[in-house]
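Novice: Here are the chains, one letter per residue:
Protein chains: 4
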Amino acid sequence: MRLEKKIIAMADDMRPELVRRRRDIHAHPEPGWTEFRTASLVADALTQAGYLVQTGEDAIKKSAMMGVPDATTLQAAQKRALEQGANPIWVEKMAGGLTGIIATMVFSEHGPTVALRFDMDSNDVSEVQNEQHRPYREGFSSLNANAMHACGHDGHTTVGLAIAQIFSQLKPELQGTVKLIFQPAEEGVRGARAMVENGDVDDVDYMLGAHFGLKMKQTGGIACNVKGFLATSKYDVHFTGVPAHAGAAPETGKNALLAAACAALNLHAIARHSEGVSRINVGTLCAGSGRNIIGDKALMKIETRGGTSAINQYMETEAQRIIKAAAQMYDVAVETEKVGGAAGANNTPALAKYIHQQAEKIGIFNNILDDCDFGASEDCSYFMEQVQAHGGQAAYILIGADLAAGHHDSHFDFDEAAMGYSVKILACTAAGLLLGDNK
Amino acid sequence: MRLEKKIIAMADDMRPELVRRRRDIHAHPEPGWTEFRTASLVADALTQAGYLVQTGEDAIKKSAMMGVPDATTLQAAQKRALEQGANPIWVEKMAGGLTGIIATMVFSEHGPTVALRFDMDSNDVSEVQNEQHRPYREGFSSLNANAMHACGHDGHTTVGLAIAQIFSQLKPELQGTVKLIFQPAEEGVRGARAMVENGDVDDVDYMLGAHFGLKMKQTGGIACNVKGFLATSKYDVHFTGVPAHAGAAPETGKNALLAAACAALNLHAIARHSEGVSRINVGTLCAGSGRNIIGDKALMKIETRGGTSAINQYMETEAQRIIKAAAQMYDVAVETEKVGGAAGANNTPALAKYIHQQAEKIGIFNNILDDCDFGASEDCSYFMEQVQAHGGQAAYILIGADLAAGHHDSHFDFDEAAMGYSVKILACTAAGLLLGDNK
Amino acid sequence: MRLEKKIIAMADDMRPELVRRRRDIHAHPEPGWTEFRTASLVADALTQAGYLVQTGEDAIKKSAMMGVPDATTLQAAQKRALEQGANPIWVEKMAGGLTGIIATMVFSEHGPTVALRFDMDSNDVSEVQNEQHRPYREGFSSLNANAMHACGHDGHTTVGLAIAQIFSQLKPELQGTVKLIFQPAEEGVRGARAMVENGDVDDVDYMLGAHFGLKMKQTGGIACNVKGFLATSKYDVHFTGVPAHAGAAPETGKNALLAAACAALNLHAIARHSEGVSRINVGTLCAGSGRNIIGDKALMKIETRGGTSAINQYMETEAQRIIKAAAQMYDVAVETEKVGGAAGANNTPALAKYIHQQAEKIGIFNNILDDCDFGASEDCSYFMEQVQAHGGQAAYILIGADLAAGHHDSHFDFDEAAMGYSVKILACTAAGLLLGDNK
Amino acid sequence: MRLEKKIIAMADDMRPELVRRRRDIHAHPEPGWTEFRTASLVADALTQAGYLVQTGEDAIKKSAMMGVPDATTLQAAQKRALEQGANPIWVEKMAGGLTGIIATMVFSEHGPTVALRFDMDSNDVSEVQNEQHRPYREGFSSLNANAMHACGHDGHTTVGLAIAQIFSQLKPELQGTVKLIFQPAEEGVRGARAMVENGDVDDVDYMLGAHFGLKMKQTGGIACNVKGFLATSKYDVHFTGVPAHAGAAPETGKNALLAAACAALNLHAIARHSEGVSRINVGTLCAGSGRNIIGDKALMKIETRGGTSAINQYMETEAQRIIKAAAQMYDVAVETEKVGGAAGANNTPALAKYIHQQAEKIGIFNNILDDCDFGASEDCSYFMEQVQAHGGQAAYILIGADLAAGHHDSHFDFDEAAMGYSVKILACTAAGLLLGDNK
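Chains as they are written, first to last, in our numbering: chain A, 1 to 439; chain B, 440 to 878; chain C, 879 to 1317; chain D, 1318 to 1756.
Chain A on its own, in the form it takes in the complex (with noise of 0.2 Å):
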């Protein structure tokens, strides 16, 4: 318990810095891939603090990134992100859109690997102006055009990096190796796949995420055995047909707005898995050239979820098929591409128990939830997978924080006193982990 009190009292020290961080990166918010500028400092702090950082292709698989946005987006990214302060350096090692960071501490040869996992993007979303709203009344709302931090990803990136400075400090204590994740683009759940097979978590004994809010609407909460993430696949799907007079000549046109209308509905009616939950969205259709032409080209955003990896799988055959047979149908090409995907995942009971305990241990909670449904998708599943998958434990946790909107609205902000219960359950397990104290 004496390195506990210690990590608590480090954590409530770092508070005005805590706040003062997660402004900076809340005014300048940078969808998926596009974290140059938050990488950056994320960079410069860890080496400041002493980690060895990797990054760029030391840190990601190129091959297996999905939805990076095309070459003149990340370009116009990194020019403002220089223009906002960035270092030179770091953002020509991520030049390509390559923004993950992997911090490591050896503490010492023996003991197990921890990682903690943080995520650092923000959302598509045009942040609201007006006085009701706490970022723009105090003036760190969004710098950046239809971008916010409409999710906590600033709150999660500060965490991590008050958990790297304590860690720092605390060194002659621990033992082990300690490795702090910042990845890029988990909305769209597109970056922790790339991680994942770039082999950043192969060496990890026990892998830790967290997030704020969500089914945690309550700050002092906190929830340590998320279940029922939900496997996903994004897909972008186009058809190109032929265009035709659609008085004239219609029978030379090739209909891509019909492949497309029928793979819509012919998706939807895939039949339920009886296994568990199973999913299908087609989310966005756009299609055609205009009124009087017959419709030559469409695309399609879909996902598929499936309650275990095995029933997303189910799904993706099912959507694959029914996509082609649908180009098929209005004799049109079809070409589908993977834009993100994310695993099913469990906690590793004991290390979700583990957790129980610690929160009880350092007595900041006032409502402690074991089970929770999550019901949605996030990629930290990719890591936690993986780590299990080597014998490895893994866990997930909520965060609770009071909310002023749900997330990915404009209107989002979260209590920043959330920061602070996060950065000491988070440290407080690790470090229990490091030291070997849940044996």
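Among the hints, erroneous ones may be present.
[As the list claims (entries may be wrong)] Below, a sample of chain B positions facing chain D; criterion: calculated Cβ distance under 7 Å: (1) Leu-704; (2) His-707; (3) Ala-708.
If you are wondering where the hints come from, they were derived from the structure by calculation, not from laboratory data.
Beta carbons: idealized from backbone N, C-alpha and C, even for Gly.
Please build the complex by placing chains B, C and D on the supplied structure of chain A, with the hints as guidance.
Specialist: Below, chains B, C and D without anything else, positioned relative to chain A:
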């Protein structure tokens, strides 16, 4: 005009015989490919009149028969035909449904070959049984269950036999060759192709066909230039999936019912053709095994049509692709079987004009039309197309007839006087052609 | 334990009688609402055993009957029942298919009312006829065409009669009231509602139901807490359009075939429900009058299911709207008829626990399971829901039985020894409840 | 022939002026309802030539305008027109897009009223910018972004002004009344109805319209009897549903995307019409808010066509019902807005014949066609239908023109010599009609 007068007088003398013959055939209706009794009496009469009679595999190309009933049905029909007086020798030759007949008489080595085509099959209709219905009242209504001459083919066959007799008697006065074609299975446009592909009209210079009624609903009328035969194809489509309990394991089924439903909708959405009439119809769809079972099989009966053979071909090609795609959509097997077809056709203008002249010359008609839009399908078009393709001339005419009800209606009956009109115009036209009167 | 021992001994003595009775019923299978002979022999036996027997309109609410066969079928079934030995007095009372029976015996004015429910109807299956199949080999296979006891209801009814006899003999030792319910038309979940709506279980404190086999495929097993009954609704949907010639005037038709196809696809696309299992199935679809006629009529047999009655209600509401919209889409009329339904249900935990205790106490089972996921529908759920709604307790158990083939298979047969197990546990449990032993 | 010679000489003299005027208009293209500058210069020229000029609400019935751009677009267009030299007085009168002009000159109280109609609007096309393209090479290509005269309306307007000038100069020699109609928004067939419903042609005896090119692709040709205008209607269809998280609560959404997809498929399945050409096209479909959100909104741009106004009415009625049914299918709201329309039309035979005579008489054409199948839609048909309905005569002709590329192509250009041909035949025909030469 001498010959025409003779023909008219002969036809007038035959009146009681025409009625007797027609009523006998009317009482013994036989659906397509089962015209064993009808064809048998035709063959007997033609043989007696001195024609060379070919039937069975001499008249029909077996592999080109479409929509043939199953063996049980064929055998039952053969048995009934024998019981109703068919000649066993002919019936044996026609075994398997090869009920077509070609009767040839050569008048002189040189000179043109003129063919006349008559259809013999009945409809799948149960004839009404009440005093208002003349065939019932006068005792010649159908003796065969679920079969009725509701389209006038009983009259067509009768007319053909009368013309045979006239030409036999006029033998010394004629030149060239006459071919009388008695075709099975016109309903469902199934029979003509098998005779055409047997080469039955490869040597024909002039081809004549005729129908009672349709758009000529009054006795005494004639339409000499029937236009707008729709080319058509008929398909049976069998989808085969995999059953599964719809509550316990829906994902293990392969849904043939939905494949058929999907096919039906998308078939009807085939793009209209800018160059003429196009049609598609899914006429029947039966699918599934039980309420709580994923539909594991489906049968669709469909047809395409086109204002020309090319447009029908476009519809067929589209339909084939859509059907395959619908099967792929639901991962089920599919088989399509062609069960009928007719070509698009138009009368040869010169021949239509000659018929008009003959109609005026013989002076029996009170209403002589030229153009008449057919708007439906008739497989006489196959004979016409074949003859025209070889440089011959072809025409199809309508013979006016007062009707008791529409074609294919269980109350159908036609004015028997129309048979005389038909015998006269067809025999006079054919005789004129044989003698080169049209040049 | 004294009473339990007595019951077990009585059941053992009945063994030959159980087999004889079951085989007689097996040889005379009667589908739902036509159980005239079965119900007649049940009524005779119960009367003889001293029960107050109610049938016809005293047991069944006519207006709540679902999926009743047509009058011709009912009359043929009555006739056959009489020929096969049914008591004409009962058959007359049951005319119209009112074949349900309630048998009551009052042991003491005070004390609980305990109901046991047995189902009597057979399946629409043709029993296999070969030496491998015991019922055939031993001479008791189905005498009735296209009907077979392929789900074990012959055994259920037999068990019910045995328990009736036991309770009749134990009359002096029991308290409260026992109600034996013999339900028609469980297949298609059609019969229970009409008995529930007649008020048959409004006064019941404890409700017991049982089934052989299903997920308990070995004799000697028992599952005490069957879960996950799916609520379900069954509908017949009739679309009525207007026929038209598909070539000559397609625009004058109203296409009921396409309305049904459109409904089928969109029904399967009803959004999944996040709170539990949802199901939809268009099991059969038959539409159209002929290949060349715009499809003028269609019949779909569909079902919805839900993990709870509320989810099934959601599916029903969606389905109703979609069906109406599909009719509007093609400007055709539509009628939906509810032909079956079952509620969602769960065992009352206290009662499941008491059954478990009894099962252990009597010591005859070699495999006592608690939870068992049903994953299908059973209209015993209506009785259970009604009793629970009035504050009573309800439980449905599975009795293990070696099976020759799956339920509803033409090779189905079950180990007749299972009947003894069922008599013993149900009678012991009911007796215990009557005597307040569970408190 | 004296008058015709005069007209031809005048037209020849105007050649440089025609080119100058056309190129000025070509450089300043204005899409439908925003022809502020074009209409302003037309109004100025006509006023100067002595016509009574009506515009704004005097020429256009506001409530009958279809497909009007939003207020922002209109205001930007007005501003640009003023910057590009439009007369502020006219622009103010035309505010809101009321850019139609009626110019009247009365030659004598008695005598017929002859109307000529010209269209002024440009296409939503970006003109190609390279040396191969004459307008670019010679410095008169479009100055306005995303707007181009790619259909020849710049030429039509120029022709109209030239005829105005000729008639003004010939005033003493003419009788009756001439009405020159300069119509906005022909593209999308949006403008004519608002002028017809304003009564602009209620008093017209002869109505003339013309178009360059289309099926007459060589300068020197003319088609006097254009047939087969397709009646058409254009609709925007807005579906509004309810968004929901596609993973967490799909059942709470109302899926407008699927409603639109369902509508699209079923619209294309509207039964073909046996009496003539029918068409339907869902040209564009854009739906949904995000990949993981139930599609909450959708916009479809559709059109129907018919070989006659009645067939188009059939298609519209079917389409309206289907759209409403698709909305009901997914329980979403729907609004349809008519944004364009044209009638079916045929030339009055007598007038077509008179034009043919005039064309032969003036002897300038090297190819005079009678019948020419239009196969598309033009809202000049509204004027024609209205005039014919009042007992007047109407004709629409094609003036041959060598084309650089097809209509609506960014490379479009036409042989400016065609303008002279058009001026001559229209002016000579109109003059002849005014003087009663056609009787």
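Novice: Hint by hint, note whether the structure agrees.
Specialist: Comparing the hints with the structure gives:
For Leu-704 of chain B, the shortest C-beta to C-beta distance to chain D is roughly 6 Å, which falls under 7 Å, so the interface hint holds. Hint status for His-707 of chain B relative to chain D: holds, with the closest Cβ pair at about 4 Å, below 7 Å. Hint on Ala-708 of chain B holds. Least Cβ distance to chain D is approximately 4 Å, under the 7 Å limit.
When each numbered hint is compared with the structure, no violation occurs for any of them.
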